Amino acid sequence: MKANTHLESQTKNIWSQSRLKIKGYAGKYGILIGFIAICIFLSFASPVFLTSANLINILKQVSIIGIVSMGMTMIIISGGIDLSVGSILALTSVVVAVCAQNSIPLILCILIAIAVGGLAGMINGYVTAKGAISPFIVTLGMMTVARGIALIISNGMPVSGLPETFFTLGSTVFLGLPLPVYIFFLMIFVTTILLKKTRFGRHLYAIGGNEQAALVSGINITKVKVWVYVIGGLLTGLAGVVLAARVGAGQPNAAVGYELDAIAAVVIGGVSFSGGIGHPLGALLGTLIIGVINNGLDLMNVPTYYQQIIKGLIIVAAVLLDKNRAK
Amino acid sequence: MTGQNILQMQNIHKAFGGVIALDNVSFNVKKGSVHALMGENGAGKSTLMKILLGINKPDQGTICIDNKEVTWDKPSDALAAGISMIHQELNPVPHLSIAENIFLGREPINKRTGFIDYKRMNEETSHLLKELDLQVAPTELVANLSVAKIQLIEIAKAISYQAQIVVMDEPTSAISNKEVDKLFQIIQKLKTNGVTVIYISHKMEEVFSICDDVTVLRDGSFIGTESIREINMNQLVSMMVGRKIEDVFPQVTHNTGEVILKANNLESKGLFQNISFQLKKGEILGFAGLMGAGRTEIMEAIFGLRKLDKGELIYKGKKVIFKHPQDAVKNKIILVPEDRKNSGLVLNHSIRQNISLTTIGNYTQKGLIKAKKERSVVERIIEKLRIKVSNMEQSASSLSGGNQQKVVLAKCLLSDPEIIILDEPTRGIDIKAKSEIYKIINELAQQGKGIIMISSEMPEILGLSDRILVLHQGQITGELLKKDATQEKILQLAMGRNVS
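Keeping their order, the protein sequence lines are chains A and B.
Heads up, the first sequence is in our numbering, so the first residue is 1 and it goes up one at a time.
Heads up, the second sequence is in our numbering, so the first residue is 328 and it goes up one at a time.
Keep in mind that the hints were calculated from the coordinates and are not lab data.
Note that the structure is a prediction, hence the values are computed from the model and not measured.
One should not assume that every hint holds.
Calculated cross-link-like contacts (lysine-lysine; reagent style DSS-like; alpha-carbon spacing at most 27 Å) [stated by the list, open to error]:
id, chain 1, residue 1, chain 2, residue 2
1, A, K197, B, K358
2, B, K693, A, K223
3, A, K223, B, K700
4, A, K130, B, K634
5, A, K130, B, K699
6, B, K657, A, K196
7, B, K634, A, K197
8, A, K197, B, K377
9, B, K377, B, K358
10, B, K700, A, K197
11, B, K699, A, K196
Non-contacting residues of chain B with respect to chain A, defined by C-beta distances greater than 10 Å in every case (computed) [what the hints assert, rightly or not]:
id, residue
12, F630
13, P652
14, Q653
15, A655
16, K657
17, N669
18, H676
19, T685
20, G694
21, Q802
Every residue gets a Cβ at the ideal spot worked out from N, C-alpha and C, and that includes glycine.
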């Protein structure tokens, strides 16, 4: 009798363990499964979807928001948020264009634009960390300020008439993929190394996971926080250069609402909105999901207004999934 | 009047995960009595009370009130049945008035207008306050009150539910002697009104002066219920500890070396003043005192978490100021905080990430973390401290309190500190893990580290410290050597009285 109950409890144990395992996998790879499911659905729904031309097109389309979302990933993991990326993107695209117009060497134009992004990030980080103000507020302010500066510099008009070499940056194709896609991939790699392989990355996770514990452990919170916004700004600056190269002009009115797309991509990718948890590859998947949905809905001729509703529902559904996983 | 049981909790069993918190516990309380519930931290007192209040559900067992069996679906059921609790950590809403706090969530509504009936609310509150002889206006903001007053407001709130049973969890931990007397008067008054009080406390003196009966729990088991008149302090202590103090605390003498840290007249306005002491290498210096005596704040100021208004620190013969914790850590001074969940650990991160957090820079090569090196260091310290983990990748939240505390210690020890500040190092962990942590602390002292230990647990402070400083309201009221120290002397000093 006793042996019997023992056996019973053992089977029960194994059963509950394997169930836990399945649940664990479903949680861990939930986004991936979702992504594949969407892709399978779309490849049946539209004959064009699975063509290499279309897939490359999707990658090209997501590369800008993808680069931005890498910075956003780090910032959100640290427990912060950056609402100013859309505006900084526009500002840096204007900066690089204006520099190029004034026949400054191209490489210098690019560096200046990226530096401007980094500077804006530094201000975000410094005010957030030193002033102990919520990053939501600080970057909300920066969002308006950066947009204003972009409009002033450009007089509110697209900055065009750029040198020929500039366009090659956006249009060069290597092994079938356009250059921006390579830049995106490189930034995923850099972000992954930073987060997973460096002390800085470890500190970011710790601060996002429990700032007080990180402080007591002797981590220089201010320094880490300033740096994460600087890096976010640099990445956004880089994305701004790519944007200008792709459309061939500095666009002061571009990228409105990009911060929301980037945040959505990161959150869909399983990065915890309260900080401390997440992986850049998750954010990559989140970016791809948004790109694939945009593309697929276009292919299926879904009107834009409806697209917005569908996208919104998917974002919330993904976060619900994330919440269940956290349990 | 007494004699009949108002509350009978029978054969209560409760487990969290695999950990048994309560094992077949029975708890009977007579009507109109003041019943002490005692036991060390982790003995199961708070779990038992959470079950009584409907916050947790028992796995087994029954609760009877006035001989009627009851079950709670939610905490408000227990409240409606006249059971309320005054928690140790007070949770008032500071920017609301006293009346608004007392009637939070059940504000009287003026039927005609549909708005809150402030007049009635304030009148009822002022009636309650008068009953407790509290000289404050019901419209006063809670933010303007002292901790002790807030405590009394909480009592007023508890009574306002027409409570038959009021649970008080360490009600005197943050208040002065005069206010304790006042509290006791109020308890007497409650008693004469037929209210039953369950009084959770560690303080022998209080239990013997105000309580009628005492129930002791230990490691989740029921040990016994006795009438206070038929038991003495030593018997009660041995009921609580279950073994002689010598068994838990290995008698070790520490060879102390030169002075490593000297504090001169530290002061932080409103928190502590005139704090001067010396710490020697290889010494365990105990800081005793009641909660709110300023012990934690002093350590936070030394560690750079808080600003010092006055005074100087001499560390290894040099004057130092730590503006931030990272400065202290760089100088090999570490703090093991009191609240391991909020300041010690990143709970949802792995054990490995937690342990290597402070020292992660030591495992990098050209800026990149060498995972192998990190793992081997973490593995070694896990073994050394005998932390029970199945896998270093499991999250810190999955560990028991004792093992969590060892993880915090492991993190700190990897940075090879010279001074270790331990704030309540064994709070809320079981006796076995405690004695293991004591062993670790002793070993550290033998290695020549300077150790400062804040503790509110008498046996711990008496058993480990070479020297004990006692604080009362932000001042050092006495210094006791190990051989002279007794529980009574410490208590006297902690309450601000002179020891003859």
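Hint check:
1. Between A/K197 and B/K358 the alpha-carbon distance is near 63 Å, which puts this suggested pair outside the 27 Å criterion.
2. The hinted pair formed by B/K693 and A/K223 meets the criterion: a straight-line CA distance of about 20 Å does not exceed 27 Å.
3. Straight-line distance between C-alpha atoms of A/K223 and B/K700 comes to about 26 Å, which keeps the hinted pair within the 27 Å bound.
4. For the proposed pair A/K130 and B/K634, the alpha carbon gap of about 16 Å is at most 27 Å, so the pair holds.
5. Distance restraint check for A/K130 and B/K699: the Cα-Cα separation of roughly 36 Å exceeds the 27 Å cut-off, and the hinted pair is therefore not satisfied.
6. Distance restraint check for B/K657 and A/K196: the Cα-Cα separation of roughly 24 Å lies within the 27 Å cut-off, and the hinted pair is therefore satisfied.
7. A distance of roughly 35 Å separates the Cα atoms of B/K634 and A/K197; the hinted pair therefore is violated under the 27 Å criterion.
8. For the given pair, A/K197 sits about 44 Å from B/K377 by alpha-carbon distance, which is inconsistent with the 27 Å threshold.
9. At most 27 Å may separate the alpha-carbon atoms for a hinted pair to count; B/K377 and B/K358 meet this at roughly 20 Å.
10. For the hint linking B/K700 to A/K197, the alpha-carbon distance of about 13 Å falls within 27 Å, and the restraint holds.
11. Restraint check: the Cα-Cα separation between B/K699 and A/K196 comes to about 14 Å, which is no more than 27 Å; the hinted pair holds.
12. Here B/F630 does not stay apart from chain A, with its beta-carbon only about 8 Å from theirs, under the 10 Å limit.
13. A Cβ of chain A approaches the Cβ of B/P652 within 10 Å, the least distance being about 5 Å, so the stated non-interface status is violated.
14. The Cβ of B/Q653 does not lie farther than 10 Å from every Cβ of chain A; its closest approach is about 5 Å, which violates its non-interface assignment.
15. Against the 10 Å criterion, B/A655 falls within the reach of chain A, whose nearest CB is about 7 Å from its own CB.
16. For B/K657, the condition that its CB be more than 10 Å from all CB atoms of chain A is violated, with the nearest at approximately 7 Å.
17. Here B/N669 does not stay apart from chain A, with its beta-carbon only about 6 Å from theirs, under the 10 Å limit.
18. Consistency note on B/H676: stated as away from chain A, yet its beta-carbon is not over 10 Å from all of that chain's, at 5 Å minimum.
19. The Cβ of B/T685 does not lie farther than 10 Å from every Cβ of chain A; its closest approach is about 5 Å, which violates its non-interface assignment.
20. Its beta-carbon lying about 6 Å from the closest one in chain A, B/G694 breaks the requirement of being farther than 10 Å from that chain.
21. Non-interface status of B/Q802 relative to chain A is upheld: no Cβ of that chain comes within 10 Å, the nearest being about 26 Å off.
Violated hints for the displayed structure, listed by number in ascending order: 1, 5, 7, 8, 12, 13, 14, 15, 16, 17, 18, 19, 20.
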